[in-house]
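Enquirer: Guided by the hints, dock chain P onto chain R, whose structure is given.
Protein chains: 2
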Amino acid sequence: MSIELRKHIEEITPVSDDEFDYILSHFRKKKLKKHQFLVQENNEVLNDHYVIKGLLKAYYTNDEGKEHILQFAMENWWVTDYQAHFKKEKATINIDCLEDCEILCLSLENREKLCSELQKIEHFFRIKSNFGYVALQRRILSLLDKDAKGRYEQLMELYPTLLQRVPKTILASYLGVSRETLSRLS
Amino acid sequence: MSIELRKHIEEITPVSDDEFDYILSHFRKKKLKKHQFLVQENNEVLNDHYVIKGLLKAYYTNDEGKEHILQFAMENWWVTDYQAHFKKEKATINIDCLEDCEILCLSLENREKLCSELQKIEHFFRIKSNFGYVALQRRILSLLDKDAKGRYEQLMELYPTLLQRVPKTILASYLGVSRETLSRLS
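One line per chain: the protein sequences are R and P, in this order.
So that you can map any letter, position 45 of the first sequence is 45 in my numbering, and since no number is skipped, the others follow by simple counting.
So that you can map any letter, position 114 of the second sequence is 114 in my numbering, and since no number is skipped, the others follow by simple counting.
Heads up, some of the hints might be wrong.
Intra- or inter-copy, both count: the list cannot distinguish identical chains.
[As the list claims (entries may be wrong)] EDC-like, lysine to aspartate or glutamate: derived pairs with alpha carbons at most 16 Å apart:
id: 1; residue 1: Lys66; residue 2: Asp147
id: 2; residue 1: Lys128; residue 2: Glu41
id: 3; residue 1: Lys34; residue 2: Asp100
id: 4; residue 1: Lys33; residue 2: Asp96
id: 5; residue 1: Lys30; residue 2: Glu112
id: 6; residue 1: Lys146; residue 2: Glu157
id: 7; residue 1: Lys53; residue 2: Glu109
id: 8; residue 1: Lys66; residue 2: Asp145
id: 9; residue 1: Lys90; residue 2: Glu11
id: 10; residue 1: Lys53; residue 2: Glu99
id: 11; residue 1: Lys31; residue 2: Asp100
Because the hints were derived from the structure by calculation, they are not lab data.
The structure displayed is predicted, hence computed values, not measured ones.
If we strip away everything but chain R, and leave its shape as in the complex, we get (with noise of 0.2 Å):
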């Protein structure tokens, strides 16, 4: 059942039975239907959100309306309101599921807690946050430098599953760009 986050864990450091049991007592299961939200704006985020299944979108609505995707996450990504979140401020933007979800949640308390108790996972995350801090500076560059078919051919080379999945209008809007301009490209 949770054999995906121990083979997610494992990539970058071994544990043991026991470890895995213990790390995972510290998660809470959640499923989610399609159109629900995991993060609202305005509440708080108490959790940081590892998928087992299904994909999501974090998006920021400006004061015109306007949506801007700041990630997606499907199976094996972790997806939050990460200023929200480690700074315990009010979320800033809302999550929603694409489709059926399932998700394992972990709360910031557990998260500081398993980092003490368990140096690997202080490693873990340690690793994890330095890998994610690239793909976010691999998408500025992308941003600044790319019209919008070298951003799709990009992301179509490093995500090719996810191009299946998302819808065509908010996948334009992931790579900042018209639904007319995204149908030439595809």
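Expert: Just chain P now, with coordinates in the frame of chain R:
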């Protein structure tokens, strides 16, 4: 001399005198002149760099020779080509000095050694990386959502001293706007 680094670490975790001396022994000090390169495209990136004094810019040059600023770094900031550094690849960006600089270099091997020997250092780098991730997400939203004026105002609010030290042409490149647009704003 390296009181800055100690203060910087102790914003997240206290360290004893002995611990700090041990930590510092893994860093190598380096002085660079204005215009000198810290990281050059196509080279290996053995070190991460903590800035004691000075100002640097990290930038990507595309096939047409256009420069995009990925980040600035000044006192108490860290800077390297993180993708190349963490993944042991060749650099795809350049980092050069906008002022004379004093930095402390930490190799990936020494970082991993320190992290495995001292959990508080693993903790320090995890928390730093989390904050870095949040800052990059904020920049992505700024690029997606804000116009030139909005980006300029946000930068002014977050890093007022940076604006006084960075030449306007370079600031315009960071914001992704023309020099003329920036002149109308500032």
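Enquirer: Are the hints correct? Go through all of them and say.
Expert: Structure-based check of each hint:
Taking the shortest Cα distances, Lys66 and Asp147 sit within 16 Å of each other only across copies (14 Å), while inside one copy they are farther apart (20 Å). Within a single copy, Lys128 and Glu41 get their C-alpha atoms no closer than 25 Å, and across copies no closer than 25 Å, so neither meets the 16 Å cut-off. Taking CA atoms no more than 16 Å apart as the test, Lys34 paired with Asp100 passes inside one copy only; the shortest distance there is 5 Å, against 55 Å between copies. Taking identical chains as interchangeable, the C-alpha atoms of Lys33 and Asp96 lie at most 16 Å apart only when both belong to the same chain, with a minimum of 9 Å there against 50 Å between chains.
In this assembly of identical chains, Lys30 and Glu112 lie within 16 Å of each other by CA distance neither inside one copy nor across copies; the values are 21 Å within and 35 Å between. Taking the shortest alpha-carbon separations for Lys146 and Glu157, only the intra-copy value of 14 Å comes in at or below 16 Å, while the best inter-copy value is 28 Å. For a Cα distance limit of 16 Å, the shortest separation of Lys53 from Glu109 qualifies neither inside one copy, at 24 Å, nor across copies, at 36 Å. In this assembly of identical chains, Lys66 and Asp145 lie within 16 Å of each other by CA distance solely across copies; the values are 9 Å between and 23 Å within a copy.
Taking the shortest Cα distances, Lys90 and Glu11 never come within 16 Å of each other, neither inside one copy (33 Å) nor across copies (23 Å). Taking CA atoms no more than 16 Å apart as the test, Lys53 paired with Glu99 passes inside one copy only; the shortest distance there is 9 Å, against 50 Å between copies. In this homomeric assembly, Lys31 and Asp100 come within 16 Å of each other (Cα to Cα) only inside a single copy, at 8 Å, whereas the closest approach across copies is 55 Å.
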